[in-house]
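Enquirer: Residues per chain are reported as follows:
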Amino acid sequence: MIRNERYMTRNTGCRAALLLLLSTVVLAPLYGAGSEERGSAAARELILYAGRGEPLVDPLIREFERQTGIQVRVRYGGTAELAVLLAEEGERSPADLFWGQDAGALGSLAGADMLSELPAALLGNKPNIYASVTGRWVATSGRARVLAYSPQRVSADEYPESVFDLSQMRYRSRVGWAPTNGSFQAFVTAMRVAHGNQTTTQWLTAMRANDTQAYRNNTALVEAIAAGEIDFALTNNYYLLRFRQQDTDYPVAQRFFSDGDIGNLVNVAGIGILRSSRRYDSAVRLIEFLLAAEAQQFFTDVIYEYPVTTGVRQNPQLEDYQRLLQAGPQIDLDSLEDLEGTLMLLRQAGLL
Amino acid sequence: MADSAALPMTASSARRTTPPWYLLVAPSAVGLAMVLPLLYLVVRAAEADPAQLASVVMHARNLLLLRNTLLLTVGVVAVTTAMALPLAWLVVRTDVPGRRLLTLLSVLPLSVPGYVMAFALLGLGGNYGLMARVFGLAVPRPSGYWGALAALSLYCFPYVFLNVRASLTGLDASLEESARSMGCRPRQVVLRVILPHLRPALFSGWLIVAIYVLGDFGAIALMRYEVFSYAIYTQYSGAFDRVYAAWLSLMLLALALIPVLLEGRLLNRARFARTGTGVARRTQRVTLGGWRVPALACVTLLFVASIGLPFGMLGYWLSQYPPWGELPRVAQAFLFSAGAAAPAALVAVCLAVPIAYLRVRYPSAMSRAAERIIYVGYALPPLALALAMVFFSLRAARPLYQSLPLLVAAYVISFLALAMGPIRAALLQAPRRLEEAARSLGLSPVAAFARTVVPLLRRGMLASMVLVFVIAMKELPITLLLAPTGYTTLSVAVFSRTSEALLAEAAPYAAAIVLFSSLFVGLLLRYEGRGG
Chain A
0 MIRNERYMTR NTGCRAALLL LLSTVVLAPL YGAGSEERGS AAARELILYA GRGEPLVDPL
60 IREFERQTGI QVRVRYGGTA ELAVLLAEEG ERSPADLFWG QDAGALGSLA GADMLSELPA
120 ALLGNKPNIY ASVTGRWVAT SGRARVLAYS PQRVSADEYP ESVFDLSQMR YRSRVGWAPT
180 NGSFQAFVTA MRVAHGNQTT TQWLTAMRAN DTQAYRNNTA LVEAIAAGEI DFALTNNYYL
240 LRFRQQDTDY PVAQRFFSDG DIGNLVNVAG IGILRSSRRY DSAVRLIEFL LAAEAQQFFT
300 DVIYEYPVTT GVRQNPQLED YQRLLQAGPQ IDLDSLEDLE GTLMLLRQAG LL
Chain B
0 MADSAALPMT ASSARRTTPP WYLLVAPSAV GLAMVLPLLY LVVRAAEADP AQLASVVMHA
60 RNLLLLRNTL LLTVGVVAVT TAMALPLAWL VVRTDVPGRR LLTLLSVLPL SVPGYVMAFA
120 LLGLGGNYGL MARVFGLAVP RPSGYWGALA ALSLYCFPYV FLNVRASLTG LDASLEESAR
180 SMGCRPRQVV LRVILPHLRP ALFSGWLIVA IYVLGDFGAI ALMRYEVFSY AIYTQYSGAF
240 DRVYAAWLSL MLLALALIPV LLEGRLLNRA RFARTGTGVA RRTQRVTLGG WRVPALACVT
300 LLFVASIGLP FGMLGYWLSQ YPPWGELPRV AQAFLFSAGA AAPAALVAVC LAVPIAYLRV
360 RYPSAMSRAA ERIIYVGYAL PPLALALAMV FFSLRAARPL YQSLPLLVAA YVISFLALAM
420 GPIRAALLQA PRRLEEAARS LGLSPVAAFA RTVVPLLRRG MLASMVLVFV IAMKELPITL
480 LLAPTGYTTL SVAVFSRTSE ALLAEAAPYA AAIVLFSSLF VGLLLRYEGR GG
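In the order they appear, the protein sequences are chains A and B. For the first sequence, numbering that gives the first Met the number 0 begins at 0 and goes up steadily by one. For the second sequence, numbering that gives the first Met the number 0 begins at 0 and goes up steadily by one.
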């Protein structure tokens with residue numbers, strides 16, 4: 000112990016450093032609290048729960064703040080986690096808006112009567128593939144399901160017509176999917192809505208029997224094609240494009256199935272106003288901003304998603320917008336809410 | 000040797016069988032805090048529809064998932080021990096050069112976010128991997144059981160290392176010397192004296208690793224190995240469901256109970272403090288001599304895998320996307336992260352000391368229960384814990400909702416078990432005799448504790464702080480749900496980029512987690528005094 004005390008006095012430099020550390024501990028929260036203070040001092044502010052990435056949301060929010068003077072505080076998280084959080088908060092939720100990237104999550108909140116009705120003006124002028132029948136939320140951008148493939152190992156006569164073809168013998172062990180992933184599950188829900196539970200179960204079972212490979216998520220699927228583990232993958236359209244942004248030679252390509260095939264499901268990112276919000280008018284202004292030309296152009300230019308309004312310049316990396324409208328199946332996006340039923344099928348098929 | 004539970008027969012300890020009231024404050028508060036989330040899960044679970052419940056819980060595939068989970072848990076415990084035990088011995092007991100650096104490097108893998116480790120391992124192999132592009136050698140990518148085992152072991156071994164190191168440093172050398180003087184060969188000394196005395200440290204390290212593996216989803220899923228946490232994850236994330244997910248969380252808790260109870264039983268019968276009079280002796284360091292080169296080679300290999308790979312990966316991403324424009328944001332996110340993680344580390348240590356003290360000095364069914372219950376918080380799926388905090392704070396303490404204190408409290412509930420191990424191991428080595436002597440010289444119980452035990456506990460307390468701080472820095476689900484809105488920490492910033500496949504843009508934030516964690520660890524190691 001005597002030894003220890005000697006060490007303590009010898010290490011005065013360290014003690015100063017520890018003191019510094021402790022002072023950050025004390026000061027950092029004050030700093031944080033300070034910025035909050037400023038936020039709530041502003042008469043006009045909004046709280047947004049965003050299931051979308053910060054790099055995609057933040058530039059738009061800053062611009063909105065600049066144009067309107069309305070301050071927006073954003074809570075970032077996964078779309079599913081935030082949907083569960085909102086359900087747990089219920090009427091006590093401090094949130095004004097929820098911006099998720101899956102129609103199912105929005106549909107489940109709408110179904111639980113947690114979202115307010117939106118002004119009709121926001122809902123009109125949308126192509127059919129973006130329809131929400133409840134009118135409680137509105138699509139802000141579109142994200143298509145596609146078939147990613149290896150251009151080296153797949154010849155043109157092997158392109159499948161339909162997602163149902165992938166259970167054929169010639170695709171055995173060559174296809175990847177992501178059964179635990181939200182966008183895959185939304186696609187299975189859409190298949191149930193379009194083709195019924197029985198057909199869907201048959202397809203899932205046949206795919207599994209065909210040794211379809213399970214991966215964690217869309218990113219992992221695209222990488223598995225590059226790594227040579229699989230030749231095809233069921234994924235979303237923008238992952239590959241974001242990879243290409245960093246590596247133009249990335250050895251993966253992607254295409255749609257034939258027009259109207261459920262494998263081309265267009266899911267959306269969408270936004271709704273919480274019923275518990277007391278700032279409805281400001282919230283509507285944020286939605287208007289996200290649907291206006293400037294934000295729509297940002298979605299397509301920067302994050303490779305499809306606009307929901309016409310008059311937006313085409314991003315050359317993306318499949319043609321008119322082509323998407325042809326290829327995408329017609330489906331009521333609110334019906335994607337029944338994920339519990341989908342999980343049941345996935346469990347029965349032995350995938351979860 | 001007398002079992003500590005048998006000691007109350009002597010006059011001096013008969014007085015002590017009922018602990019003073021102030022020792023009960025922390026355990027009671029902690030016990031309550033641990034019961035709340037359980038209560039929440041039960042409330043939610045009660046809402047279930049029996050038919051559907053059967054399909055979720057009585058699902059035949061769950062058995063396969065459980066089997067895989069157990070296999071992986073046992074594997075990771077074995078591999079991490081094989082890595083950590085020799086490493087700890089090397090830095091504590093030998094004259095290997097650069098001991099302080101080696102210690103720092105042995106703790107650092109903890110700070111590596113799981114996805115970085117998994118991507119680094121995965122990025123090596125395959126047609127388009129590093130090996131293929133640099134050396135033209137397409138090795139298969141790690142996957143399945145072995146892939147998951149490698150990824151988890153590479154960032155879990157520091158848990159065992161920190162525990163063992165704290166214990167090994169505090170071990171009285173005279174024990175080994177007596178063994179040797181009685182004719183034991185060095186191997187026998189290790190087997191009969193050192194290893195048995197390391198048991199508490201090993202057990203708590205294993206417990207932490209085992210429960211971690213039971214609950215991990217991210218890295219295991221990236222390695223495509225199917226385990227039980229799949230079921231919970233998909234239930235929360237796929238179905239936006241709190242009811243069946245609550246059932247699965249309770250099942251996971253029951254599973255975690257096995258190692259917790261096992262550890263308690265195994266540890267109950269042992270006694271580890273030195274009993275002799277006089278000052279504890281420091282050991283002579285073993286001179287490695289000709290073994291120095293092979294030892295350093297092994298250590299280097301380990302660090303290349305556990306630190307080189309993920310750091311290389313981060314470095315590559317950083318070079319693809321230079322972070323200079325992001326730096327102000329990174330700095331702010333760091334302040335947020337540290338502002339929550341550092342208080343959590345302090346509070347956790349302050350709570351762990353009285354609980355460990357109660358457990359070691361006043362062994363009883365109650366004090367054992369108080370110690371065991373803290374593993375509830377650690378074994379709970381973090382999302383379930385966070386939702387429980389949402390549930391209760393909105394109903395009972397509205398002003399606290401989405402406030403920093405609540406976030407810190409949730410961290411503490413979740414990570415208190417991490418703080419327990421090193422402190423308990425150090426306390427088990429602190430002889431009761433010292434305190435008694437101080438009391439007999441007229442000091443109050445608290446003063447006696449502060450003057451005699453705290454100095455011996457310092458190393459354990461520092462190790463605990465390191466563990467909690469580093470883990471809280473990279474914690475995600477709790478932070479996402481409970482941090483004040485707009486309080487974007489480093490880990491949230493990482494998540495909100497990787498979730499969009501913007502890996503390179505997440506790199507500066509992930510690098511900041513690693514960098515600041517290592518600074519913190521380095522600082523504490525220096526403060527600890529010597530690099531042993």
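Calculated directly from the structure, the hints in this document are not laboratory data. Virtual Cβ for every residue (Gly too), placed ideally from N, Cα, C. Possibly wrong hints are sitting among the right ones.
Computed spacing ranges between beta-carbons, pair by pair [to be verified]:
no.: 1; chain 1: B; residue 1: Ala296; chain 2: A; residue 2: Asp319; range: 35 to 45 Å
no.: 2; chain 1: B; residue 1: Ala368; chain 2: A; residue 2: Gly68; range: 50 to 60 Å
no.: 3; chain 1: B; residue 1: Tyr320; chain 2: A; residue 2: Asn196; range: 53 to 63 Å
no.: 4; chain 1: A; residue 1: Arg65; chain 2: B; residue 2: Cys297; range: 29 to 39 Å
no.: 5; chain 1: B; residue 1: Arg328; chain 2: A; residue 2: Arg254; range: 44 to 54 Å
no.: 6; chain 1: A; residue 1: Ala120; chain 2: B; residue 2: Pro404; range: 36 to 46 Å
no.: 7; chain 1: A; residue 1: Thr200; chain 2: B; residue 2: Arg132; range: 24 to 34 Å
no.: 8; chain 1: B; residue 1: Ala77; chain 2: A; residue 2: Asn196; range: 25 to 35 Å
no.: 9; chain 1: B; residue 1: Leu63; chain 2: A; residue 2: Arg171; range: 15 to 25 Å
no.: 10; chain 1: B; residue 1: Pro85; chain 2: A; residue 2: Thr200; range: 45 to 55 Å
Enquirer: Please go over all the hints and tell whether each is borne out by the structure.
Expert: Tested hints:
no.	hint	in the structure
1	B/Ala296 to A/Asp319: 35 to 45 Å	violated (58 Å)
2	B/Ala368 to A/Gly68: 50 to 60 Å	holds (56 Å)
3	B/Tyr320 to A/Asn196: 53 to 63 Å	violated (45 Å)
4	A/Arg65 to B/Cys297: 29 to 39 Å	violated (58 Å)
5	B/Arg328 to A/Arg254: 44 to 54 Å	violated (37 Å)
6	A/Ala120 to B/Pro404: 36 to 46 Å	holds (43 Å)
7	A/Thr200 to B/Arg132: 24 to 34 Å	violated (42 Å)
8	B/Ala77 to A/Asn196: 25 to 35 Å	violated (44 Å)
9	B/Leu63 to A/Arg171: 15 to 25 Å	holds (23 Å)
10	B/Pro85 to A/Thr200: 45 to 55 Å	holds (52 Å)
Hint compliance for this structure: hints 1, 3, 4, 5, 7 and 8 are not met, and every other hint is.
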